Every structure is written in structure tokens, then in C-alpha cells.
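There are 2 protein chains.
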Amino acid sequence: MDLLKQRILKEASVLTSDVLRLDALLNHQVDPELTMEMGKEFARLFAEEHVTKIITVESSGIPVAFTTAQEMKVPLVFARRKKTLIADPDSYMERVPSFTKGIVTDIMVSKQFLKPEDRVLFIDDIIANGDAARGLIKIIERSGATLVGMGVVIEKSFQVGARTLREQGIRVESLVRVASLDNGEIRFE
Amino acid sequence: MDLLKQRILKEASVLTSDVLRLDALLNHQVDPELTMEMGKEFARLFAEEHVTKIITVESSGIPVAFTTAQEMKVPLVFARRKKTLIADPDSYMERVPSFTKGIVTDIMVSKQFLKPEDRVLFIDDIIANGDAARGLIKIIERSGATLVGMGVVIEKSFQVGARTLREQGIRVESLVRVASLDNGEIRFE
Numbered sequence: 001m002d003l004l005k006q007r008i009l010k011e012a013s014v015l016t017s018d019v020l021r022l023d024a025l026l027n028h029q030v031d032p033e034l035t036m037e038m039g040k041e042f043a044r045l046f047a048e049e050h051v052t053k054i055i056t057v058e059s060s061g062i063p064v065a066f067t068t069a070q071e072m073k074v075p076l077v078f079a080r081r082k083k084t085l086i087a088d089p090d091s092y093m094e095r096v097p098s099f100t101k102g103i104v105t106d107i108m109v110s111k112q113f114l115k116p117e118d119r120v121l122f123i124d125d126i127i128a129n130g131d132a133a134r135g136l137i138k139i140i141e142r143s144g145a146t147l148v149g150m151g152v153v154i155e156k157s158f159q160v161g162a163r164t165l166r167e168q169g170i171r172v173e174s175l176v177r178v179a180s181l182d183n184g185e186i187r188f189e
Numbered sequence: 001m002d003l004l005k006q007r008i009l010k011e012a013s014v015l016t017s018d019v020l021r022l023d024a025l026l027n028h029q030v031d032p033e034l035t036m037e038m039g040k041e042f043a044r045l046f047a048e049e050h051v052t053k054i055i056t057v058e059s060s061g062i063p064v065a066f067t068t069a070q071e072m073k074v075p076l077v078f079a080r081r082k083k084t085l086i087a088d089p090d091s092y093m094e095r096v097p098s099f100t101k102g103i104v105t106d107i108m109v110s111k112q113f114l115k116p117e118d119r120v121l122f123i124d125d126i127i128a129n130g131d132a133a134r135g136l137i138k139i140i141e142r143s144g145a146t147l148v149g150m151g152v153v154i155e156k157s158f159q160v161g162a163r164t165l166r167e168q169g170i171r172v173e174s175l176v177r178v179a180s181l182d183n184g185e186i187r188f189e
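Line order of the protein sequences matches chains A and B. If you're matching positions, the first sequence starts at 1 in this note's numbering and goes up one per residue. If you're matching positions, the second sequence starts at 1 in this note's numbering and goes up one per residue.
Chain A on its own, in the form it takes in the complex (with noise of 0.2 Å):
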């Protein structure tokens, strides 16, 4: 997506070489305008999968998770995460590690919203090392549903994260691929 990496190049920034700061267009700020795009450009890619739903991880991804599910015309289903002791009986829960955070999080989705007869279109805003990513994607195998693939809009492919769920077979669409961020320069793939 042409338009997504001129806006990326003018309002992002390189924090370290692993880190890119999209506060203003993707974490903190959003445009709804170029966040609809992206949701028809998923939608697009994956037009051919009869997905019945949406899923991400709160908070980031739910803008794209949302357009996405509006162009769709199918329920988003956004993942919590959760500060909790208690298992619940009703809910699938995976703990997954931050690579931004270094904090470990629970990720939890309610049995109700997943179920076996649903194909599951999972997206979200990146993608690093793909922990998060895991997590969701264990939870919605336990629910039996089909997972059609993942749509990431930013792939920090110098990470593992989205090239190890492609070697699992899991179809992986990510609107821009970020090579590198050394020297504080971002390079597209």
C-alpha cells in the first residue's frame, strides 16, 4: 500500500533499531480515512474465504480490526487482556509475553464468540515477533474454528514473528513490509 508507506515515511519515527514509534497514525492517533482503506485492502485479499469473523488483540488493532469487519459485513471480536488470578470457565486464555511491554499478559476471548463453524480472519496493526499473534491464534484452535489467515498492516519482517506463522502454513497479508530500521532510517522490503 503506496499511501501507507508516504504516511509512514512523514509521521512515524524510529525509536531504536527494533522499535518504530506509529503513535500518530496506527497506536495512539488514528485516521479514519486511511484506516478504512486498509480494512478494504483485508478485505480485498481475503474476499475469497467466506469469513465470518473478525478477531484482534485490544487496544491497537481494533481501528483496522473494525473497518475490516465493516467492509466484511461480519461481528469483530476484539481479545482481552486480562489482570486476572481466576481461570474462567467460559473463556479461552492464553498468557503471552510483550516484546514492547516486557510485561506477560493473559489474552482471553469468551466461548460464545467463538465457535467451531466459524472462519476466523484474525488482524491487527503489527507485527514483531509474533507472541501476541500466538496466543491468539492457540485460543482459536482450541475453539475448533477455521483460521483463514492473518492481516497485519505493518510487518517488521527483519522479526520472527510473521515469517515463523507462515512456516506453520498460516496465510500471512501484511500492507507494508519494513526490511530494517538501522540507523534510524526506515526501509520498506
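Only true hints are included.
Calculated cross-link-like contacts (lysine-lysine; reagent style DSS-like; alpha-carbon spacing at most 25 Å):
(1) Lys-111(B) to Lys-138(B)
(2) Lys-73(A) to Lys-40(A)
(3) Lys-82(A) to Lys-82(B)
(4) Lys-111(B) to Lys-10(A)
(5) Lys-73(A) to Lys-10(B)
(6) Lys-40(B) to Lys-73(A)
(7) Lys-115(A) to Lys-10(B)
(8) Lys-10(B) to Lys-111(A)
(9) Lys-10(A) to Lys-115(B)
(10) Lys-5(A) to Lys-73(B)
(11) Lys-115(A) to Lys-138(A)
(12) Lys-73(A) to Lys-73(B)
To be clear, the hints were calculated from the coordinates, so they are not data collected in a lab. This structure is a prediction, so every number in the text was calculated from the model and none was measured.
With chain A held as given, fit chain B onto it using these hints.
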């Protein structure tokens, strides 16, 4: 919004006389079409206010805040909840208790996304005691931006949040007012 009342009666459940479970349509699963209708209604209510920015607090307010931003063609900013010990000089931060979670969190907005010339519409999914709302309103005040009002999907009018804000002269518009959850029954105003 009659459509919303019908959906609440059909899909929400009363957990206690204080807490309404809205997982199926607001906090965990979201219907894009219904959420679009909510955004249109807020855009209509605040159409004369020359809004330049929509603001909410992550996470469950994001979908409806997003559709309001879509309709009004302005950016959406979602305040982040942070677990941080260090104040960020580039951000406004307020500490707020959470009614449902029984914990204290810090909510944060980057200074670059709230400017004195902004006319801000605050959108949220639910108002109960209004603690998070008060924190975000303090942040808006500190930034010098103008708060044109608050739009809330569900007002629990038996709790003090919305009333307190109105007494402060803030315009609060709610799509649905729940007067009571006593005896496991949802009673609208």
C-alpha cells in the same frame, strides 16, 4: 436509540444490580452496522460544534469513537492506559480508579495530539461513576483544548457519573439511559 434498546434487551445480561454485561455488542464483540449507527447519531447530535478531534479511552470505546470520527471526518485519539512509574514529559497523564476492575490506572495522551485550538468530542461506551471520564476531561483541560461535550452509548443514570459532569456544565448525550438493574431486570429511563 430504539434499535440499541432492543439489542440490549436481547443480548445484554444483568450481572449484579450495578453491572450490565455488554460483551455481545460493546465490550468484546461488536456489530459494525450497529456501531456505525451509533457513530452517525453522535455526529448528528454534535454536528454544529465544529469538532476537530474525537477522543476516547482504550479499549471498548474505540469502535464507536471510530465510527463517530469516520462520520465527522476528523482524527480519533485514544488515550492509553499505562502501567508506568515514570511521568512522560511529552504526555498528559491522570490517575483514575476503575469501577468494574477495582484497580487504579494511569491514562495518558501525547501532547502532540491535543492542541489548544482543538475542539474535542469525547466518546465512550459506558458511563457509570465517571472516574475515567473525569480523568480524560482533566487532560483535555490541561491541554487548553475545548471540550464540546461527551457522547456515551449507555448511561447508567442510577450512578453519579453523567449527572456530575452535567452539573459541571458539560454537555453529555447518551444514546440509552439505564435507570435500574434491580432484580436482574434492565429498566430504561
